[in-house]
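*Asks:* To get our numbering, take the position in the first sequence, counting from 1, and add 14.
Keep in mind the hints are simulated off the structure, nothing from the lab.
Possibly wrong hints are sitting among the right ones.
[Unchecked claim] Simulated restraints, written as ranges between beta carbons of each label pair:
(1) ASP225 to SER137: 39 to 49 Å
(2) GLY187 to TYR142: 15 to 25 Å
(3) HIS95 to SER48: 18 to 28 Å
[As the list claims (entries may be wrong)] No more than 20 Å apart at the CA atoms, straight line, and that leaves these computed lysine to any residue pairs for SDA-like:
(4) LYS26 to PRO250
(5) LYS26 to PRO162
(6) LYS163 to GLY152
(7) LYS163 to GLU98
(8) LYS26 to CYS252
(9) LYS249 to GLN133
(10) LYS259 to ASP225
(11) LYS263 to ASP109
(12) LYS219 to PRO182
(13) LYS259 to HIS180
(14) LYS163 to ALA193
(15) LYS259 to MET228
(16) LYS263 to MET229
(17) LYS263 to PHE231
(18) LYS26 to GLU44
(19) LYS160 to ASP225
(20) LYS219 to LYS263
(21) LYS163 to ASN131
(22) LYS163 to THR118
(23) LYS84 to LEU39
(24) LYS249 to GLN216
(25) LYS139 to THR155
(26) LYS139 to TYR68
(27) LYS249 to TYR208
(28) LYS65 to PRO50
(29) LYS163 to TRP153
(30) LYS26 to ALA278
(31) LYS84 to ASP109
Just so it is clear, CB atoms sit at the ideal spot from N, CA and C, and this is done for glycine as well.
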Amino acid sequence: MLTPTTLPNTLKLATWNVNSLNVRLPHVLEWLASNPVDVLCLQETKQEDSKFPYAELSAAGYHAVHDGQKTYNGVAILSRHEMEDVSYGITGFEDVQKRVISATVQGIRVICVYIVNGQSIDSEKYAYKMRWLEALHGWLTAELQKYPKLVVLGDYNIAPEDRDCHDPAAWVGQVLVSAPERAHFQQLLSLGLYDSFRLFDQPEKSFSWWDYRMMGFRRNFGMRIDHILVSEALKPHCHQCIIDKAPRKLERPSDHTPVILELAI
DNA sequence: ATGGCTTATTGTATAAGA
């Protein structure tokens with residue numbers, strides 16, 4: 015039996031909303047040491063680029079590109095391999111919030127996204143989320159033409175189905191699960207993207223985020239809102255996709271935990 | 001239970017996250 019680690023050529027890509035890289039850098043370095051993925055996409059770095067820990071990441075063997083801002087948002091791609099054609103944001107969509115960064119790694123277009131949370135259905139932030147998702151859809155349509163081998167990793171702030179929510183009845187109509195958000199997610203899939211986690215059998219009640227409050231993690235009151243979408247060309251290469259809950263058990267964890275995709279190439 | 005944690009801020013209470 016082949017095990018994943020014995021496959022001749024694999025590329026591992028992961029995504030992790032770290033909720034402040036300033037606070038979480040030790041966790042990230044620790045995690046990379048035991049999970050030496052090829053690519054790690056980060057969201058919510060919450061720091062300006064001048065504070066980004068390029069040196070520490072370089073010492074750990076990673077190139078890094080970052081688009082950050084103080085206090086909020088901020089996205090980065092770490093890679094063991096050279097990155098090319100780095101781009102920032104969604105082309106043609108003016109946005110002061112730093113939520114998208116892209117780069118090509120080993121011939122694969124890697125897009126790291128931190129999709130808007132939306133706060134509540136009746137808020138202006140939710141309207142912004144809808145506009146943002148519309149723009150993302152339009153942009154990805156063009157990106158897929160340009161880069162057939164494409165992967166979109168990040169915090170989507172959308173639980174695509176009821177099984178991605180610990181208590182669907184309690185969450186009906188709420189942000190993260192509302193019908194318009196889920197319709198947007200389906201529209202992304204309609205572009206020819208696949209939710210790589212669902213290409214495989216998975217444990218029931220698999221989540222990637224748990225509320226800090228109410229002992230959410232201990233009770234597994236979570237949501238699956240961090241996703242890795244792959245293009246048609248990459249779909250046959252998907253070997254496994256898992257959620258690694260280990261970092262969520264650490265002292266002072268991020269409220270999100272990493273999702274990892276392994277490609278056989 | 002409109003709370004409950006955690007992070008960051010020209011902070012000592014507020015905003016935001018999800």
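*Asks:* Each hint needs a verdict: does it hold in this structure or not?
*Replies:* Now for the hints, and whether the structure bears them out:
The given range of 39 to 49 Å is broken by ASP225 and SER137, whose C-beta atoms sit roughly 19 Å from each other. The beta-carbon spacing between GLY187 and TYR142, approximately 19 Å, falls within the hinted interval of 15 to 25 Å. Checked against the hint of 18 to 28 Å, the pair HIS95 and SER48 passes, with Cβ atoms roughly 20 Å apart. With a CA separation close to 15 Å, the supplied pair LYS26 and PRO250 stays within the 20 Å bound.
Between LYS26 and PRO162 the alpha-carbon distance is near 18 Å, which keeps this suggested pair within the 20 Å criterion. For the suggested pair LYS163 and GLY152, the alpha carbons sit about 18 Å apart, so the restraint of at most 20 Å is met. In summary, the hint linking LYS163 to GLU98 is supported, as the alpha carbons are separated by about 14 Å, within the 20 Å threshold. Under the criterion of a C-alpha separation no larger than 20 Å, the hint pairing LYS26 with CYS252 is consistent with the structure, at around 10 Å.
Between LYS249 and GLN133 the CA atoms are separated by roughly 33 Å; this puts the pair beyond 20 Å, and the hint is violated. Taking the CA atoms of LYS259 and ASP225, the gap is about 14 Å. The hint holds against a cut of 20 Å. Proximity of LYS263 to ASP109 is assessed by CA-CA distance (about 34 Å); at most 20 Å being required, the pair is judged violated. As the CA atoms of LYS219 and PRO182 are separated by approximately 12 Å, the hinted pair is consistent with the 20 Å bound.
Taken as a hint, the LYS259 and HIS180 pair is honoured in the structure, with Cα atoms around 16 Å apart against an allowance of 20 Å. For the given pair, LYS163 sits about 29 Å from ALA193 by alpha-carbon distance, which is inconsistent with the 20 Å threshold. With a C-alpha separation of about 18 Å, the suggested pairing of LYS259 with MET228 holds against the 20 Å cut-off. A C-alpha spacing of about 12 Å is found between LYS263 and MET229, which places the hinted pair at or below 20 Å, so the restraint holds.
For the proposed pair LYS263 and PHE231, the alpha carbon gap of about 8 Å is at most 20 Å, so the pair holds. About 17 Å separates the Cα atoms of LYS26 and GLU44, which keeps this hinted pair within 20 Å; it holds. A threshold of 20 Å between alpha carbons decides the hint, and for LYS160 with ASP225 the separation of about 38 Å lies outside it, so the pair is violated. Proximity of LYS219 to LYS263 is assessed by CA-CA distance (about 17 Å); at most 20 Å being required, the pair is judged to hold.
Only pairs whose Cα atoms come within 20 Å are accepted, and LYS163 paired with ASN131 is rejected, the gap being roughly 27 Å. The suggested pairing of LYS163 with THR118 holds, with an alpha-carbon distance near 10 Å, which does not exceed 20 Å. Distance hint between LYS84 and LEU39 is fulfilled; the C-alpha atoms sit about 16 Å from each other, no more than 20 Å. A hinted pair counts as satisfied when its Cα atoms are at most 20 Å apart, and LYS249 with GLN216 qualifies at roughly 17 Å.
The hinted pair formed by LYS139 and THR155 fails the criterion: a straight-line CA distance of about 24 Å is larger than 20 Å. Using a Cα cut-off of 20 Å, the hinted pair LYS139 and TYR68 is violated, with the two alpha carbons roughly 32 Å apart. A C-alpha spacing of about 7 Å is found between LYS249 and TYR208, which places the hinted pair at or below 20 Å, so the restraint holds. Among the hinted pairs, LYS65 with PRO50 is inconsistent with the structure: their alpha-carbon atoms are about 23 Å apart, more than 20 Å.
For the hint pairing LYS163 with TRP153, the CA-to-CA distance comes to about 15 Å; that is within 20 Å, so the pair holds. A threshold of 20 Å between alpha carbons decides the hint, and for LYS26 with ALA278 the separation of about 9 Å falls inside it, so the pair holds. For the proposed pair LYS84 and ASP109, the alpha carbon gap of about 15 Å is at most 20 Å, so the pair holds.
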